[in-house]
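Colleague: Those protein sequences? They're chains C and D, same order as listed. At position 89 of the first sequence the residue is numbered 89 (full-length UniProt numbering), and the sequence of numbers has no breaks. At position 73 of the second sequence the residue is numbered 73 (full-length UniProt numbering), and the sequence of numbers has no breaks.
Treat the hints as calculated values from the structure; they're not laboratory data. Even glycine gets a Cβ: it sits at the ideal position worked out from N, Cα and C. One or more hints might be untrue.
Cβ-to-Cβ under 7 Å is the rule here; a few derived chain D residues that face chain C [said to hold, decoys possible]:
id, residue
1, Arg108
2, Met114
3, Phe116
4, Ser122
5, Phe123
6, Glu135
7, Val139
8, Leu164
9, His205
10, Leu252
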Amino acid sequence: MTMGKFLVRRILQGVFVIWGVITIMFGLRAVSPGDPATLMLGEGATQELIEHVREQEGLNEPIYVQYFDYLQGMVIGDFGYSWRSNRQVEAMVIERVPATLELAIAATIVAIVIAIPLGVISATRRNEPSDYGATLFSLLGISTPNFWLGLMLILLLGVWAGLFPTGRRPVGFAEAVTTLVQHGSVYDLGIWLKYITLPAITLGTYFTALITRLTRSGMVDELGKPYVTASKAKGLPSVLVRYKHVLRNTMIPIITVLGLQMGTLMGGAVITETVFNWPGLGLRLIDALDARDWPLMQGIVVFIAIAFVSINIVVDALYSYLNPQVREE
Amino acid sequence: MTEDILQVRGLSTRFFTQEGQVNAVSDLDLTIERGEVFGIVGESGSGKSVTARSIMDLIEPPGEITEGEIRYRNADFAETVGDDHPGAVDGEFVNLLELPPAIRQSLRGTSFSMIFQDPESSFNPTLTVGEQLAEAVEVQRRASARPRSTRARTESEEYSLGSLMLSTVLPSKKYVSDESRERAIELLELVGIPDPVERADEYPHEYSGGMLQRAMIAQALAGEPDILVADEPTTALDVTIQAQVLDLLDDLQKETGMTILLITHNLGVIARMCDRVGVMYAGEIVERGSLTDTFDEHVHPYTEGLLGSVPDLEGANRRLQPIPGNVPTLLDHEMEDRCHFADRCPKAMEDCLDHPPEFDADERGDHEVRCVLAERDYDEGRALPPDYFDETERTAADKHADPDRTEEDVQPERTQSPVEDSGGGGL
Numbered sequence: 001m002t003m004g005k006f007l008v009r010r011i012l013q014g015v016f017v018i019w020g021v022i023t024i025m026f027g028l029r030a031v032s033p034g035d036p037a038t039l040m041l042g043e044g045a046t047q048e049l050i051e052h053v054r055e056q057e058g059l060n061e062p063i064y065v066q067y068f069d070y071l072q073g074m075v076i077g078d079f080g081y082s083w084r085s086n087r088q089v090e091a092m093v094i095e096r097v098p099a100t101l102e103l104a105i106a107a108t109i110v111a112i113v114i115a116i117p118l119g120v121i122s123a124t125r126r127n128e129p130s131d132y133g134a135t136l137f138s139l140l141g142i143s144t145p146n147f148w149l150g151l152m153l154i155l156l157l158g159v160w161a162g163l164f165p166t167g168r169r170p171v172g173f174a175e176a177v178t179t180l181v182q183h184g185s186v187y188d189l190g191i192w193l194k195y196i197t198l199p200a201i202t203l204g205t206y207f208t209a210l211i212t213r214l215t216r217s218g219m220v221d222e223l224g225k226p227y228v229t230a231s232k233a234k235g236l237p238s239v240l241v242r243y244k245h246v247l248r249n250t251m252i253p254i255i256t257v258l259g260l261q262m263g264t265l266m267g268g269a270v271i272t273e274t275v276f277n278w279p280g281l282g283l284r285l286i287d288a289l290d291a292r293d294w295p296l297m298q299g300i301v302v303f304i305a306i307a308f309v310s311i312n313i314v315v316d317a318l319y320s321y322l323n324p325q326v327r328e329e
Numbered sequence: 001m002t003e004d005i006l007q008v009r010g011l012s013t014r015f016f017t018q019e020g021q022v023n024a025v026s027d028l029d030l031t032i033e034r035g036e037v038f039g040i041v042g043e044s045g046s047g048k049s050v051t052a053r054s055i056m057d058l059i060e061p062p063g064e065i066t067e068g069e070i071r072y073r074n075a076d077f078a079e080t081v082g083d084d085h086p087g088a089v090d091g092e093f094v095n096l097l098e099l100p101p102a103i104r105q106s107l108r109g110t111s112f113s114m115i116f117q118d119p120e121s122s123f124n125p126t127l128t129v130g131e132q133l134a135e136a137v138e139v140q141r142r143a144s145a146r147p148r149s150t151r152a153r154t155e156s157e158e159y160s161l162g163s164l165m166l167s168t169v170l171p172s173k174k175y176v177s178d179e180s181r182e183r184a185i186e187l188l189e190l191v192g193i194p195d196p197v198e199r200a201d202e203y204p205h206e207y208s209g210g211m212l213q214r215a216m217i218a219q220a221l222a223g224e225p226d227i228l229v230a231d232e233p234t235t236a237l238d239v240t241i242q243a244q245v246l247d248l249l250d251d252l253q254k255e256t257g258m259t260i261l262l263i264t265h266n267l268g269v270i271a272r273m274c275d276r277v278g279v280m281y282a283g284e285i286v287e288r289g290s291l292t293d294t295f296d297e298h299v300h301p302y303t304e305g306l307l308g309s310v311p312d313l314e315g316a317n318r319r320l321q322p323i324p325g326n327v328p329t330l331l332d333h334e335m336e337d338r339c340h341f342a343d344r345c346p347k348a349m350e351d352c353l354d355h356p357p358e359f360d361a362d363e364r365g366d367h368e369v370r371c372v373l374a375e376r377d378y379d380e381g382r383a384l385p386p387d388y389f390d391e392t393e394r395t396a397a398d399k400h401a402d403p404d405r406t407e408e409d410v411q412p413e414r415t416q417s418p419v420e421d422s423g424g425g426g427l
């Protein structure tokens, strides 16, 4: 069917994009200075040992052979070994996914819960104080840098007010849920919530501001359309005009942005994770970058690319489900 | 027996824009009888649609109805609102402008209904046509289920945001009931849409323009309204479909006996459909009367101009005569207190520099004209020179600062002509 065709096409496109990311990453590694074997072994390794590692890792092969070896590994899910810790890259990536995912979802929830009502209020009470307040909030939210906001939250709410803990979190969501199931205790869940609040606000603020703006402008736009007047003319209660018709149509493009933003949050939490020492992918990426741990870096970047592309496909499918005009084509 | 169902008295609707106050409708009078088709005709920007929307209470900021009365005759309704709003009720008539918005809203769909110019954009693209029709049916169903009291009309059954949120999990809380859906299918059938059961589940973009306009008519009829306001119902359609839609409206009107207020710029549509006509210009009705009054015995030069700009098949060689100039901007500070058509009028006289009241054009009392020609014949001697308004426009800015000077500028030409043609006619 059309939907199947659409998905197949999008997946093929996605594969192409991921191949591009892999290739660019490989190219960067090839042109960046520094001998991998030296990096792996650290200072003071003997020339023989270096030569041995070069041979073992295939670093003496021509570049195209190295490229195809690497690509082949990727296809079968072998991302290689970290140069620093000598652990499998897949494992190192996967173990960090939950923390990042938790943060991304929490930030999205913060954004949705605050932004959509705010946008609706703003659009339906245009040029009233509440609209000005919402507009000011979104302007501040969009122009506040993440790292500064994070530091301020830590300083004000964490250190001075003592409301939230500031160190590395002791439990993840999975452990907290396990405690809940096994011991019936919400204690760990509470701790988890305390630790995730500030990072989620930090990461979600820009996003909240963005969605507020989009909801407001989208809704203002929709409210001016003739079908709104027509719905009023047929006597439909204003609640239904506003929410069943207008908000629903406003949400169609916003869901696209939400989805795309989810992808960005997966990879873009680097700063927030660093500020809060959040044990996610972003922090690991920074560590890998510091150590010039190329296989790990590549692994993380490719993983983020895959996540981004997959979310995009899901969003597109959702969009065409919600918008019957697209569904036809 | 005919009786008035709607009386509009001195209606003024203004828009307060950044460029200034726009007098979209000024001091408009209009009477519609039960069961008739009343047409309003005029150029774009003459205030036809604003009149329709004022009656429907669909004027939104920066627009506002600033003056006037909209009197709707409905004995039951008058009794219902009489307790809470005695000031609005006068016998069987209710002045709608005295009522709070919630009550006016409750009249939409059930007493007044409207069809719009562009059917494609007047349906929500993301809901099926059947669903949207069923909503209109539901409005009516819920309205008739309510006890007859003002409070119940507006408060008791109000569908709240809470109910809407609950409806996502509880089907019983949904606004639209299955009965309404079935009725929607019947309505689609009534307006001649083939396969109404399948069609009800289709989206607006799957319909053709003509079918969608039929669906919109069905939607407007869902509440069995007393008055149907049709705002340019055929303008967006091609000619063959136009005829079908007009036939449909005609048939439905004959069947149900509803009153139609038909707004169009197309004189052909007026001639085909209407019993009585109002010609609008610059926010005013400049001539109103029966179809014969306006088409054959018209007095206002604007009506004459409108009719002259219509091609007809018999006189195919005749050149069309456009009315020179454009509709004025309707900005309050640019409108002078004169006949607003005088600057385009081939028969403008000195008398036209005063704003004319409505004159009775014949003795029968239902043909009203806002033109001095209803009272006296055209007098060339008193005619304004053709470039008169070019000059005043140029000096318009000075005129406010120094009214005497402009007076002098114009004076020589004015005094000259009566001397030459003193016997040329007049009163």
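Colleague: Hints first: check each against the structure and report whether it holds.
Modeller: So, going through the hints one by one against the coordinates:
| no. | hint | result |
| --- | --- | --- |
| 1 | Arg108 | holds (4 Å) |
| 2 | Met114 | holds (4 Å) |
| 3 | Phe116 | holds (6 Å) |
| 4 | Ser122 | holds (4 Å) |
| 5 | Phe123 | holds (6 Å) |
| 6 | Glu135 | holds (6 Å) |
| 7 | Val139 | holds (4 Å) |
| 8 | Leu164 | holds (6 Å) |
| 9 | His205 | holds (5 Å) |
| 10 | Leu252 | violated (16 Å) |
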